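**Student:** Sequence:
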Amino acid sequence: MNKVLVNQKTFNLKSEITDDWGGWHRISIDLEALSNTNNWKIGIDLPADYRIDQIYGAELIQEDGKTYITGAGWNKSMVKGDQNEIILIVDEGNSASLPPTAAQFIFADSTYIKSSSVIDSKSYITEDWQGGYKLELDLSAKSNVKDWQLDFNLPYKITAAYGVDLIDNGNGNYTIKGQNDQVNLTSGQSIKPIFIIDDGG
81 MNKVLVNQKT
91 FNLKSEITDD
101 WGGWHRISID
111 LEALSNTNNW
121 KIGIDLPADY
131 RIDQIYGAEL
141 IQEDGKTYIT
151 GAGWNKSMVK
161 GDQNEIILIV
171 DEGNSASLPP
181 TAAQFIFADS
191 TYIKSSSVID
201 SKSYITEDWQ
211 GGYKLELDLS
221 AKSNVKDWQL
231 DFNLPYKITA
241 AYGVDLIDNG
251 NGNYTIKGQN
261 DQVNLTSGQS
271 IKPIFIIDDG
281 G
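To get the numbering used here, take the position in the sequence shown, counting from 1, and add 80.
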């Protein structure tokens with residue numbers, strides 16, 4: 081049976097690097113079901129040099145060149161309130177001399193922001209209601225940047241944007257740009273634009 085890539089409303093996921101052994105590290109993932117789910121999967125993205133050597137409390141699958149975490153045995157199906165700890169042991173490969181980089185988790189409704197050499201980005205769902213949710217981006221400039229813009233992909237329709245100029249490029253592709261006094265950012269400056277999303281749920 082095909083696994084279903086769940087959305088961010090399905091699980092409360094917390095992840096941290098709990099041990100760093102120099103070339104290897106341990107990731108602890110706390111997963112709490114916010115709703116009932118069957119045959120679930122969550123995408124995981126690590127730097128190119130990294131390799132997941134061991135996994136406990138779940139299974140890894142590969143599909144179309146992407147890596148997913150999915151349930152193993154008892155937790156293939158989870159009901160609201162179920163909790164599960166997943167442990168990953170990661171081989172850092174040629175990046176062993178650098179501090180470990182945290183994993184990124186990909187859901188069906190994740191905001192895929194193209195990597196930028198000048199702006200760090202994180203996204204959070206801050207409110208959730210029937211038919212949609214509020215998404216907050218946390219953008220931080222790594223250096224001084226003028227006339228910045230970011231491209232990203234979202235499978236749902238953005239009905240409103242606050243704090244940035246939004247360009248809808250079609251097919252779920254969007255571009256955001258700074259507005260007013262935030263067209264240019266200085267190193268370390270952060271902004272938190274807000275989007276209202278219609279997910280049809």
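Just so you know, not all the hints are guaranteed correct.
[To be verified] Pairs of lysine-lysine residues, derived as DSBU-like cross-links and limited to a Cα-Cα distance of at most 30 angstroms, are as follows:
1. LYS160 with LYS222
2. LYS83 with LYS202
3. LYS226 with LYS214
4. LYS83 with LYS222
5. LYS89 with LYS202
6. LYS94 with LYS83
7. LYS237 with LYS272
8. LYS214 with LYS83
9. LYS272 with LYS83
10. LYS202 with LYS146
11. LYS156 with LYS94
12. LYS89 with LYS156
13. LYS160 with LYS226
14. LYS226 with LYS156
15. LYS94 with LYS202
16. LYS272 with LYS214
17. LYS146 with LYS94
18. LYS272 with LYS156
19. LYS146 with LYS160
20. LYS226 with LYS89
21. LYS94 with LYS226
22. LYS257 with LYS202
23. LYS146 with LYS214
24. LYS214 with LYS237
25. LYS237 with LYS202
26. LYS257 with LYS226
27. LYS202 with LYS226
28. LYS257 with LYS89
29. LYS222 with LYS257
30. LYS257 with LYS272
31. LYS160 with LYS94
32. LYS156 with LYS222
33. LYS156 with LYS83
34. LYS160 with LYS214
35. LYS83 with LYS226
36. LYS146 with LYS226
[Stated by the list, open to error] For each label pair, taking beta carbons as the anchor points, the in silico distance ranges come out as:
37. PRO235 with SER115: 33 to 43 angstroms
38. LYS222 with ASN249: 18 to 28 angstroms
39. GLU143 with ASP171: 27 to 37 angstroms
Hints listed in this document are in silico derivations from the structure and should not be mistaken for laboratory results.
In this text, all values refer to a predicted model and were calculated from it rather than measured experimentally.
Glycine included, each C-beta is placed from N, C-alpha and C at the ideal position.
**Student:** Take the hints in turn and mark each one as holding or not.
**Tutor:** A quick look at each hint next to the structure:
With a C-alpha separation of about 39 angstroms, the suggested pairing of LYS160 with LYS222 is violated against the 30 angstroms cut-off. With a CA separation close to 26 angstroms, the supplied pair LYS83 and LYS202 stays within the 30 angstroms bound. Among the hinted pairs, LYS226 with LYS214 is consistent with the structure: their alpha-carbon atoms are about 28 angstroms apart, no more than 30 angstroms. Proximity of LYS83 to LYS222 is assessed by CA-CA distance (about 37 angstroms); at most 30 angstroms being required, the pair is judged violated.
At most 30 angstroms may separate the alpha-carbon atoms for a hinted pair to count; LYS89 and LYS202 meet this at roughly 17 angstroms. Restraint check for LYS94 and LYS83: satisfied, since their Cα atoms lie roughly 21 angstroms apart, inside the 30 angstroms limit. The suggested pairing of LYS237 with LYS272 holds, with an alpha-carbon distance near 19 angstroms, which does not exceed 30 angstroms. Between LYS214 and LYS83, the direct Cα distance comes to roughly 27 angstroms. Compliance with the 30 angstroms bound is thereby established for this hinted pair.
Using a Cα cut-off of 30 angstroms, the hinted pair LYS272 and LYS83 is violated, with the two alpha carbons roughly 34 angstroms apart. Note on LYS202 and LYS146: the hinted pairing holds, with a Cα-Cα distance of about 21 angstroms set against a maximum of 30 angstroms. Distance restraint check for LYS156 and LYS94: the Cα-Cα separation of roughly 19 angstroms lies within the 30 angstroms cut-off, and the hinted pair is therefore satisfied. Simply put, LYS89 and LYS156 have alpha-carbon atoms about 17 angstroms apart, close enough for the 30 angstroms limit, and the pair holds.
The suggested pairing of LYS160 with LYS226 is violated, with an alpha-carbon distance near 46 angstroms, which exceeds 30 angstroms. Distance hint between LYS226 and LYS156 is unfulfilled; the C-alpha atoms sit about 48 angstroms from each other, more than 30 angstroms. With a C-alpha separation of about 14 angstroms, the suggested pairing of LYS94 with LYS202 holds against the 30 angstroms cut-off. For the hint linking LYS272 to LYS214, the alpha-carbon distance of about 12 angstroms falls within 30 angstroms, and the restraint holds.
For a cut-off of 30 angstroms, the pair hint linking LYS146 to LYS94 stands: about 21 angstroms separates their Cα positions. Among the hinted pairs, LYS272 with LYS156 is inconsistent with the structure: their alpha-carbon atoms are about 36 angstroms apart, more than 30 angstroms. About 27 angstroms separates the Cα atoms of LYS146 and LYS160, which keeps this hinted pair within 30 angstroms; it holds. Among the hinted pairs, LYS226 with LYS89 is inconsistent with the structure: their alpha-carbon atoms are about 36 angstroms apart, more than 30 angstroms.
Taken as a hint, the LYS94 and LYS226 pair is broken in the structure, with Cα atoms around 34 angstroms apart against an allowance of 30 angstroms. The suggested pairing of LYS257 with LYS202 holds, with an alpha-carbon distance near 16 angstroms, which does not exceed 30 angstroms. For a cut-off of 30 angstroms, the pair hint linking LYS146 to LYS214 stands: about 28 angstroms separates their Cα positions. Straight-line distance between C-alpha atoms of LYS214 and LYS237 comes to about 12 angstroms, which keeps the hinted pair within the 30 angstroms bound.
The straight-line distance between the Cα atoms of LYS237 and LYS202 is roughly 19 angstroms, inside the 30 angstroms bound, and the hint therefore holds. Under the criterion of a C-alpha separation no larger than 30 angstroms, the hint pairing LYS257 with LYS226 is consistent with the structure, at around 10 angstroms. The hinted pair formed by LYS202 and LYS226 meets the criterion: a straight-line CA distance of about 20 angstroms does not exceed 30 angstroms. A hinted pair counts as satisfied when its Cα atoms are at most 30 angstroms apart, and LYS257 with LYS89 qualifies at roughly 28 angstroms.
For the given pair, LYS222 sits about 16 angstroms from LYS257 by alpha-carbon distance, which is consistent with the 30 angstroms threshold. Proposed proximity of LYS257 and LYS272 is supported: the alpha carbons are some 12 angstroms apart, at most 30 angstroms. Straight-line distance between C-alpha atoms of LYS160 and LYS94 comes to about 16 angstroms, which keeps the hinted pair within the 30 angstroms bound. Distance check on the hinted pair: LYS156 and LYS222 sit about 40 angstroms apart at the alpha-carbon level, beyond 30 angstroms; violated.
For the hint pairing LYS156 with LYS83, the CA-to-CA distance comes to about 9 angstroms; that is within 30 angstroms, so the pair holds. Between LYS160 and LYS214, the direct Cα distance comes to roughly 22 angstroms. Compliance with the 30 angstroms bound is thereby established for this hinted pair. For the hint pairing LYS83 with LYS226, the CA-to-CA distance comes to about 43 angstroms; that exceeds 30 angstroms, so the pair is violated. At roughly 34 angstroms between alpha-carbon atoms, LYS146 and LYS226 are farther apart than 30 angstroms, so this suggested pair is violated.
About 18 angstroms separates the C-beta atoms of PRO235 and SER115, a value inconsistent with the hinted range of 33 to 43 angstroms. Distance hint for LYS222 and ASN249: a CB-CB separation of about 25 angstroms, consistent with the stated range 18 to 28 angstroms. Distance hint check for GLU143 and ASP171: the Cβ-Cβ separation is about 21 angstroms, which falls outside the suggested range of 27 to 37 angstroms.
The structure does not agree with the numbered hints 1, 4, 9, 13, 14, 18, 20, 21, 32, 35, 36, 37, 39 stated previously, though it agrees with the rest.
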